[in-house]
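**Student:** Single-letter residue listing:
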Amino acid sequence: MSVSEDGLPCNRDVHEDLIRKLRKLLPPEAVLTDKEDLRPFECDGLSVYRRLPLVVALPETVAQVQAIMRLCHALQVPVVARGAGTGLSGGALPLSNGVLLSLAKFKRILHIDPENAMATLQPGVRNLAISEAAAAYGLYYAPDPSSQIACTIGGNVAENSGGVHCLKYGLTVHNILMLKVVTIEGELLTIGAETLDSSGYDLLALMSGSEGMLAVIVEVTVKLLAKPERAQVLLAAFDDVFKAGEAVGAIIAAGIIPAGLEMMDKVAIQAAEDFAHAGYPCNAEAILLCELDGTNAEVSEHVMKVRKILHQNGATEVRTAVNEAERQLFWKGRKSAFPAVGRISPDYYCMDGTIPRRQLPHVLRQISLWSEEYGLPVANVFHAGDGNLHPLILFDANKDGELARTEEFGQRILQLCVEMGGSITGEHGVGMEKINQMCIQFNSAELSQFHAVKAAFDPDGLLNPGKAIPTLQRCAEFGAMHVHHGQLSHPELERF
Amino acid sequence: MLERDISETLQQQVQKAIGNKTLLKIECGNSKAFLGRESHGETLDISAHCGIVEHDPRELVLTARSGTPLKEIEAALAESGQMLAFEPPHFGVNATLGGTIACGLSGPRRPFYGSARDFVLGCKLINGKGEILRVGGQVIKNVAGYDVSRLMVGAYGTLGVLLEISLKVLPRPAASHTSMQECTPAEAISKMSHLLSQPVPVDAACYHAGHFYLRLSGSEQAVKYAHEHLGGEVIEKSELFWHALREHQLPFLGSANPLYRVMVKPAVPPLEIAGEWLLDWGGAQRWLVSDEPIALIRERVAAVGGHVTQFRGGANNGEIFQPLAAPLLVIHQRLKASFDPHGIFNLGRIYANL
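Quick mapping for you: the protein sequence lines, in order, are chains G and A.
Everything in the first sequence is counted per the numbering used here, starting at 1 for the first residue and increasing by one.
Everything in the second sequence is counted per the numbering used here, starting at 1001 for the first residue and increasing by one.
Don't read these hints as lab results, they were simulated from the structure.
Each residue gets a CB set at the ideal place from its N, CA and C atoms; glycine is no exception.
The reader is advised that the hints may include incorrect statements.
Said to hold, decoys possible - If the Cβ cut is set under 8 Å, some of the chain G residues that face chain A in the computed set are:
| id | residue |
| --- | --- |
| 1 | Pro114 |
| 2 | Leu167 |
| 3 | Glu187 |
| 4 | Ala226 |
| 5 | Ile257 |
| 6 | Gln328 |
| 7 | Leu329 |
| 8 | Ser336 |
| 9 | Pro339 |
| 10 | Asp386 |
| 11 | Val430 |
| 12 | Gln449 |
| 13 | Leu472 |
| 14 | Cys475 |
Unchecked claim - Footprint (simulated), chain A over chain G, 3 or more residues, beta carbon under 8 Å:
| id | region |
| --- | --- |
| 15 | 137 to 145 |
| 16 | 296 to 304 |
| 17 | 438 to 445 |
All chains should be modelled from the sequences, with the hints used to inform the complete structure.
**Tutor:** See the structure below:
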């Protein structure tokens, strides 16, 4: 699926003019045009999509970003913004006729304000670095995507990143206060405020998860939280994935909101154990990791309750991490599940659908039936607390037709998620990858409204064009049936 | 409980208004008519579009039609031990879900649990082309498409007619406990700021007339332990106090002078503006009853990075909400046009011509 020719118009004169002018705006080493220099920017975390940009610009001041945007606007050249490039949906895939705007040099933590529990950051600050810097004040930044050692806060906002603690602490959108963004016209806007809300429309929500389509983020102010006094994790083994699913519902029904509630199936457990040696019970059909945090008293009370619920729901074994090192180890297994699966299969395709939790048994059963039908094994990793499924389809791209079969399988999973009342993406974004599946989740009026929203910020469609929201024409060509929020296309048919 | 789906009728009314170029004034329970700027037009009454569409306690999600009375939703949630964690003010017995979300109102628990906007997962709306759109969803994580459902929160109906809203709901805390201490405003602000970095189960903190009120909620043990640690005099029947605060029923809020909502960073020291103050949201939302000119209030608040809404009283055709910076106003105008190209919904409710 390596994409080299994107069939975009190429105006050599404009391009030469652009590069000449960029060199006037930026120091020589901040404008890259040689093929070998462009290579590191050809893809993001979804490496099946690759393309070289026309030019890479590496500004280091907001004024430079504004100047680049004005230039691109004047010359009508498209711009793709890029953070750390860890995105999993091809959102930072460059354009062969466009500028790849890297925010990598914006690495400074500008201010930590413990009195108001907030931090102001340049967009290239790594997610984990925020919590590390805030730790001295007993504070941390809650969203923790698995890539948190590498991914940056600008990209987190653009993708509205989640992580394993979303159910209790929310997504990026719930944890940011203010953004400074540069529009394609070069205008610097302040969105949100240092206060808990701001007047006018909630543009902060609109910017979160907008995938670089509306403006370029040049500064982020985040909310910091008090580090919980204690966090405790329980590991429960089950001889049946469905029992594990039931246990999840029972914990929630008991009025407990775990900080993290993760499920892995047998294939994922085995892979993670071989990789991280977390001490997972490899004979189990499923494990649940349930993290409880809060005050010492509350955690003790909840650990007792959750243990009981897990046993009542058929757990064959329940372990409580005996110390912080073991807690970290339990999590290490989960957080390294993707690379672990990467070791047992030449390639894997990670899906990111969400479903109402109660549909889990049906969806898992259907995935396992399709897995047999396609002859492709699946490892299931599931943010069970918030209904976010990550089935990893294992395949070998070197085998003829296997990638195509994998994509077809993946598409059926996403379609099923929409039919169940869920979504095609919980946290990885649409980007390039799920552009066609957007046609399943949204009808043409809804897609047209999204295009109109983009046009309000970017009337000429120069920011990250072709991503996130498909054109109506594309949907017509894709030909997928639009499934509207839980309404099955053929309700009379037996699905399971 | 009444259940009725009149989306088609409402859609036809909107389409008719587009055809006749009639301005529409969207109304539900009409409990929040006092908020925002004056807006003219034919009334589009949503109140008959009501009923809880879905609530599965295990999913922590509730979906209801806009006209559903807030009290019905709260009662249904209470039955399964759940709540709207943003603790919305009703401001009247007829308060509905639609009005609450359109105005983006949250109560005392907001700084600790999140705002109305934070709990919105998705919605169904009629845009200004007369189309029914579904955005967001009924799942906690969903990043497909722009976050249009949260954009509707606090837009005061200027972007579309809300038909149905899906919210994340939370379990009610097992125990809750309020304590009171006498102190100065500066001491209260310092206490509240300090609590931000402490692992304590606070879910409301306010200061008024020499008294600092702190509400702790969570498991029995957690609340008991935190209270022993933090001290203060126990308040009996404290829910009455928080209710009165949330509903603006504390006596001074009934003053003839305008009531301003002053938003600042929580640790900002007491502001030198004459009037009576109440500090809520751990110091982040401050209520001010004052006869000082709004321009002076805005100037002093802007100096500390805050913003001001003229919440009750005063002229209803001026700059009720903090004026927007020019480039932001342009984006607002374009967004308004993208949702409501004929400019028929609640015109001027938040800003003139928007």
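**Student:** All hints, please: hold or fail.
**Tutor:** Each hint tested on the structure:
no.: 1; hint: Pro114; result: 6 Å, holds
no.: 2; hint: Leu167; result: 7 Å, holds
no.: 3; hint: Glu187; result: 5 Å, holds
no.: 4; hint: Ala226; result: 5 Å, holds
no.: 5; hint: Ile257; result: 7 Å, holds
no.: 6; hint: Gln328; result: 19 Å, violated
no.: 7; hint: Leu329; result: 23 Å, violated
no.: 8; hint: Ser336; result: 21 Å, violated
no.: 9; hint: Pro339; result: 22 Å, violated
no.: 10; hint: Asp386; result: 4 Å, holds
no.: 11; hint: Val430; result: 6 Å, holds
no.: 12; hint: Gln449; result: 6 Å, holds
no.: 13; hint: Leu472; result: 14 Å, violated
no.: 14; hint: Cys475; result: 13 Å, violated
no.: 15; hint: 137 to 145; result: holds (count 3)
no.: 16; hint: 296 to 304; result: holds (count 6)
no.: 17; hint: 438 to 445; result: holds (count 4)
The structure is inconsistent with the numbered hints 6, 7, 8, 9, 13, 14, although it conforms to all the rest.
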